[in-house]
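Number of protein chains: 2
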Amino acid sequence: MTGVSRQVVLHERPTGAPALSNFRLETVELPPPAENQVQVRNLWMSVDPYMRRRLYDDPGYTTSFVIGQPLEGAAVGRVTATNDPGYPIGTLVLSGLGWREAFNAPVSALNRLKIGDLPPEVFLAEAGTTGLAAYIGLVRIAGIKTKETIFISAAAGAVGLVACQIALAQGCTVIGSAGGLEKCEYLTSIGVHRVIDYHAARSLSAALREAAGSGIDVYFDNVGGEHLQAALDVANTFARFVLCGMISQGSGRIAASSPPPTNLLLAITKRIRLQGFIVGDYLSETDTFAAEMSSWIKSGRVKPKATTKIGLESAPAALLDLFRGANLGKMLVRLT
Amino acid sequence: MTGVSRQVVLHERPTGAPALSNFRLETVELPPPAENQVQVRNLWMSVDPYMRRRLYDDPGYTTSFVIGQPLEGAAVGRVTATNDPGYPIGTLVLSGLGWREAFNAPVSALNRLKIGDLPPEVFLAEAGTTGLAAYIGLVRIAGIKTKETIFISAAAGAVGLVACQIALAQGCTVIGSAGGLEKCEYLTSIGVHRVIDYHAARSLSAALREAAGSGIDVYFDNVGGEHLQAALDVANTFARFVLCGMISQGSGRIAASSPPPTNLLLAITKRIRLQGFIVGDYLSETDTFAAEMSSWIKSGRVKPKATTKIGLESAPAALLDLFRGANLGKMLVRLT
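For the protein sequence lines, the chains are A and B, in the order given. Its first residue numbered 1, the first sequence is counted upward by one per residue in this note's numbering. Its first residue numbered 1, the second sequence is counted upward by one per residue in this note's numbering.
A few of these clues could be false.
When chains are identical, the list treats them as one kind, so a pair holds in a single copy or across two.
Unchecked claim - The calculated lysine to aspartate or glutamate pairs, modelled on EDC-like cross-linking and capped at a C-alpha distance of 16 Å, are:
(1) Lys270 to Asp281
(2) Lys305 to Glu12
(3) Lys114 to Glu292
(4) Lys114 to Glu35
(5) Lys114 to Glu285
(6) Lys147 to Asp117
(7) Lys147 to Glu285
(8) Lys270 to Asp233
(9) Lys147 to Glu226
(10) Lys303 to Glu185
(11) Lys270 to Asp58
(12) Lys147 to Asp57
(13) Lys147 to Glu12
(14) Lys305 to Asp197
(15) Lys270 to Glu12
(16) Lys305 to Glu185
Just so you know, these hints were derived from the structure itself, not from any lab.
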């Protein structure tokens, strides 16, 4: 199976915010798979917020993408040629080799997917690390309990939307914030109790106070900045804050778009616990979680939702769109 | 035993920072104790950072001092007249009725002190809630372990000094920050491994990075602001931050003197847990702790250290001095 594959390469590091000119689309020859390798054609790839950091030098807890090399990220694909009898042609696999249409790899770089009746792209989203992040944050880090009030920022984003549905299924009162009418209406449609459109809210603290009534017990933070400030203002004593993402605080060389909270003193007077986590620390739980989430999706407890771009050539724009919050649910790129 | 007692009354709430003019010294008549009451003459009283909040309206987790009424706070005294056979004359007691020379109260408002060989004022400091705060923060909230690196800000303050000694006794590497040469030299003299004079440090992050070598595992925060920023910069992954006080962030109507940290994103990438606590939630452990701390003091593991003012009339100035960081160790007022 000699052929070609297109791939997105890091052309240069961004000097300010990431731009399309930082990426380059290349066509490379794809030889037959070597001994002990299989050839995979990707069906879907994921774009994720953490990729922003990897565009820059010194990305912190992860490694930088390499200039001139294809980017990396989660993808699901199908085996199209094989030298491993355990992975026959047609096998569905999850890999970290997104940003390319096809590749050869040893099976040690692949994770066999058991999708059941579900579409495979769900394993890049709700049943993948996105959903796992929501689950770990709410259940393991915050320890949400029935009847608690949970505030989730960027609630219509990939992680936020799963978090809303897990909290709702747990019998919590859920307050979600999102930017714009479409996202807010979607949140309402899936049963989120109170929705704050932060594009429209004059004071986020005032809006959250009104939405929360007696205060929030848990804050699932995907945003930082002004949202964190409002959550501190409205938190109940002994509230737990899960720090999952801080879009507003930028990353790499990007300046923050929202000032840092000035009311951290409330963490003392209200005895608040704030805890950051990285889903990468929990990847050993991926398979167990995927099986559980599959049953939640089948039962309708969690509804998959993605914003989809078509074709590898649209992947850089999909990533930039993600940083602008253009997605409702998970941002995915369909490669076939 | 009819007599008089002097007391410090809240004359008016501060409009900006607290000032001496907010307080008034009054002399009141002290009738004999009523049935089931005892009369106590205070020996020592404590001034504490939390009292600042109580000068204002809306102090948060505590209640405001009342205008025209005597202030309150921890004090040790001796029973000088009694209608309760369980509290004979001479009994040493701890109460929340500081800021006055003498008072009548039911024994339910008193805690009998077992001082052993120790001076009674130690039970307002190292063996009181000050020491308890250090202990709870390090042991219960942070869970310090032998050989970890612990950074303690305001390390020469009342809580900080006890925290340093508990961490040293636990076999930790201790880094303390303090303002000025005298405090720094004292910290060195009790065995603190590295001392940062934050009056002299150009960049607190750079100074902390140099002091910490491979990074800090625990930050005991008495300050907030720039110190918290530096601690986030230099923290190891999975570091635990104990938020005990944020002097730099002011309180009540006081503006912050140090800007809030702009690098909270590091709490995610480094998986840091920040937890606020109030020693008032742990008062049921006071007696057990006092007994344990007494043995630590007798064995020399913890050395008592206080800055002492003499006479009730100096108590308001002692409180204001505390807010300026004028104290080395616990700030106390001797009333006899």
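Each hint, compared with the structure:
Within a single copy, Lys270 and Asp281 get their C-alpha atoms only as close as 29 Å, which misses the 16 Å cut-off; across copies the closest is 11 Å, which meets it. In the homo-oligomer, the alpha carbons of Lys305 and Glu12 never lie at most 16 Å apart, since the shortest distance is 32 Å inside one protomer and 59 Å across protomers. For a Cα distance limit of 16 Å, the shortest separation of Lys114 from Glu292 inside one copy, 12 Å, qualifies, whereas the shortest one across copies, 57 Å, does not. In this assembly of identical chains, the alpha carbons of Lys114 and Glu35 never lie at most 16 Å apart, being 25 Å within a copy and 79 Å across copies at closest.
For a Cα distance limit of 16 Å, the shortest separation of Lys114 from Glu285 inside one copy, 15 Å, qualifies, whereas the shortest one across copies, 53 Å, does not. In this assembly of identical chains, Lys147 and Asp117 lie within 16 Å of each other by CA distance neither inside one copy nor across copies; the values are 33 Å within and 52 Å between. For the identical chains of this complex, Lys147 and Glu285 are neighbours neither inside a copy (27 Å) nor across copies (31 Å), given an alpha-carbon limit of 16 Å. Taking CA atoms no more than 16 Å apart as the test, Lys270 paired with Asp233 passes inside one copy only; the shortest distance there is 10 Å, against 25 Å between copies.
With identical chains, the CA atoms of Lys147 and Glu226 are never at most 16 Å apart, being 26 Å at best within one copy and 38 Å at best between copies. Within a single copy, Lys303 and Glu185 get their C-alpha atoms as close as 15 Å, which meets the 16 Å cut-off; across copies the closest is 62 Å, which misses it. Taking the shortest alpha-carbon separations for Lys270 and Asp58, only the inter-copy value of 14 Å comes in at or below 16 Å, while the best intra-copy value is 35 Å. Within a single copy, Lys147 and Asp57 get their C-alpha atoms no closer than 44 Å, and across copies no closer than 32 Å, so neither meets the 16 Å cut-off.
Within a single copy, Lys147 and Glu12 get their C-alpha atoms no closer than 49 Å, and across copies no closer than 43 Å, so neither meets the 16 Å cut-off. With identical chains, the CA atoms of Lys305 and Asp197 are never at most 16 Å apart, being 19 Å at best within one copy and 54 Å at best between copies. Taking the closest pair of Cα atoms, Lys270 and Glu12 never come within 16 Å of each other, the shortest separation being 46 Å inside a single copy and 27 Å across copies. With identical chains, the CA atoms of Lys305 and Glu185 are at most 16 Å apart within one copy only, with a shortest distance of 14 Å there and 61 Å across copies.
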